[in-house]
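Undergrad: Protein chains in written order, with this note's numbering: chain A, 1 to 366; chain B, 1001 to 1252.
If you are wondering where the hints come from, they were derived from the structure by calculation, not from laboratory data. Errors might be hidden in some of the hints.
Claimed, not checked - Which chain B residues face chain A? A few, computed with CB under 8 angstroms, are given here:
id, residue
1, V1033
2, H1054
3, T1056
4, G1066
Even for Gly, the Cβ is constructed at its ideal location relative to N, Cα and C.
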Amino acid sequence: MTRLEFWQGNTACAEGALAAGCRFFGGYPITPSTEVAEHMARRLPKVGGVFVQMEDELASIASVIGASWTGKRSMTATSGPGFSLMMENLGYAIMTETPCVVVNVQRGGPSTGQPTRASQGDMMQCRFGSHGDIAVIAVSPGSVQEMYELTAKAFNLSDRYRVPTFVMTDEIIAHMRERIEVPDAVEIVERRPLEKGALPFAAGEDGVPGFPTFGQGYGVHVTGLTHDERGYPSSTDPEVHDRLVRRLVGKVEGARREMADYEVTNPDAEVVFVSYGSPGRSVKQAVRDMDDERVGSLRLRVVWPFPDFALQEFTNARVFLVPELNLGQIAREVASHTAVPVVPVPELGGELHTPARLAKTAEEYL
Amino acid sequence: MPHIYCTGCGNGTVINCTLNAVNQMGWEPEDTVFISGIGCSSRAPGYIVTDSLHTTHGRAIPFATGVKLSRPDLHVVVFTGDGDMAAIGGNHFIHACRRNIDLTVVCMNNYIYGMTGGQGSPCTPLGAISTTTPYGCHEAPFDLASLAVAAGANYVSRWTSYHVKELTRAVQAGLETPGFSLVEALVQCPTGYGRRNKLRDAHSMILWMRDHAVLMKKWKQMEAEGRPLPADKFPVGEFVRRNRPAMGVPEE
Chain A
1 MTRLEFWQGN TACAEGALAA GCRFFGGYPI TPSTEVAEHM ARRLPKVGGV
51 FVQMEDELAS IASVIGASWT GKRSMTATSG PGFSLMMENL GYAIMTETPC
101 VVVNVQRGGP STGQPTRASQ GDMMQCRFGS HGDIAVIAVS PGSVQEMYEL
151 TAKAFNLSDR YRVPTFVMTD EIIAHMRERI EVPDAVEIVE RRPLEKGALP
201 FAAGEDGVPG FPTFGQGYGV HVTGLTHDER GYPSSTDPEV HDRLVRRLVG
251 KVEGARREMA DYEVTNPDAE VVFVSYGSPG RSVKQAVRDM DDERVGSLRL
301 RVVWPFPDFA LQEFTNARVF LVPELNLGQI AREVASHTAV PVVPVPELGG
351 ELHTPARLAK TAEEYL
Chain B
1001 MPHIYCTGCG NGTVINCTLN AVNQMGWEPE DTVFISGIGC SSRAPGYIVT
1051 DSLHTTHGRA IPFATGVKLS RPDLHVVVFT GDGDMAAIGG NHFIHACRRN
1101 IDLTVVCMNN YIYGMTGGQG SPCTPLGAIS TTTPYGCHEA PFDLASLAVA
1151 AGANYVSRWT SYHVKELTRA VQAGLETPGF SLVEALVQCP TGYGRRNKLR
1201 DAHSMILWMR DHAVLMKKWK QMEAEGRPLP ADKFPVGEFV RRNRPAMGVP
1251 EE
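The following block holds chain A by itself, in its conformation from the complex (with noise of 0.2 angstroms):
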């Protein structure tokens, strides 16, 4: 069974996690995000859980953090600048593999930019924000449907793999209404809890340790310094350093495959369009109005850890064109995993790519 809707995409935003069981969320206000904030705190007290407005977006991520440890599944809402604010903390959160779930709905950069306009300005900023050596993952929704659908999974994902998961949105999707289909429950992957006299960093063949939840006898310490298999820290030995940063890395790098979640049109197409988030919707229309077999699409739901081996399905492909709300961040990604030439199409200044324009470009590669 499922209920019908007709949702403002922040709104699925916020009933997609409480759906997948969210009972956290620390935030700050800033625009177009604050609709998500705004359900939150309407919202999670009737279901027993906690909302805290905090004083920025620094205290907002470590709330979220800490009550990731009590073994709540927690989450923030931002936009660009506030998530700039909160990259060292999603850099301890990675570090100590924490589970969280940070909404970002991009609005034009740089700086305080427009905040009211669409854009997929932080594509790379989620990507290699924080410093180090660093993997994360990051869903795209492309509908208001999508968020519903993203938000809840990218908490299974970030159980899963223990890594701060994002849902890389922008205001066109989060602002705007659309029919949106409710299903009465979603599906739930819980973190796996630490096995009791396991070592609670050393993991075991995907990478990934069992979670030692504060308050159950555990005795964990949690350090973002560099750290051993028992969690303490070790921060002059170069072989420690170099096992858990490729363990934190090749945890989701190597789990590409099983992440990968993307749509694939016209296989057989010359012209291939990749897209993400809501370009992908003026994409979906253009092969549509086009009518060609030799004109196809690759959408991507996950976005991060990159899809790679998703191109190689297009084998007639003669260029891949990947209309973008920046100036070709993820045309970048696509260029580095293939020979076929990559051809950025961006748009800046928050309106989305017409279908037509899209067309247009297209048919310039027939």
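Could you slot chain B onto chain A? The hints should help.
TA: Using the frame of chain A, we list chain B on its own:
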């Protein structure tokens, strides 16, 4: 036990006093969480066998806020220092006092950034020498205890590593008081602070703290009588104990 503290450091004394106070409370280790930021003081949780978070510089209190709000039944104690709490973490500190969230914060104030080798902090006294105030500190220091009172904390006291019994009792009072508690513990740092300020060893720094600490009752009396308050002295004792509305207090 191997540890990072220099010979003569006062932090061990404060950790000892805090753990004695926790013992007095009869708390179970699995119900107690220690949380810290970055700095010498913040390495303390690594030497205590409970669940603990050694977090990022200045952010211990918001991490602790998340733990406490999602599990109010856990006892949450924060170790921090003057650089960690008053400089980079100053905003979090005053907001936690305002929220009056049920945490006990033990701040080891050694007047200096010890871990990085003795740079001036927001608590470095006027005129004191540090590696970043080579001609004497010309910024007025924060009065952390008074700041906590003004910002709304339910319990605030200040002692020094000389006043072991008083400090232990103060931490215990902080642990017992629902809402935000700050115990400021002045500590000697002969390595980072003392040796540049004519207090070369631990002994002389401890004696300096003893001789410059004025009991709260006497301090208030001097204030009331309009007697000049000596600039190089400071009050020790209980600054406030009250019952403002608090957050994160477990339901009985």
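Undergrad: Indicate, hint by hint, whether the structure satisfies it.
TA: Verification of the hints:
1. A distance limit of 8 angstroms between C-beta atoms decides the matter here; for V1033 (chain B) the minimum to chain A is near 6 angstroms, and the interface restraint holds.
2. For H1054 (chain B), the suggested interface contact is upheld, since its CB lies about 4 angstroms from the closest CB of chain A, less than 8 angstroms.
3. About 5 angstroms separates the beta-carbon of T1056 (chain B) from the nearest beta-carbon of chain A, less than 8 angstroms, and the hint is met.
4. Because the smallest distance between the Cβ of G1066 (chain B) and any Cβ of chain A comes to about 3 angstroms, under 8 angstroms, the interface hint for this residue holds.
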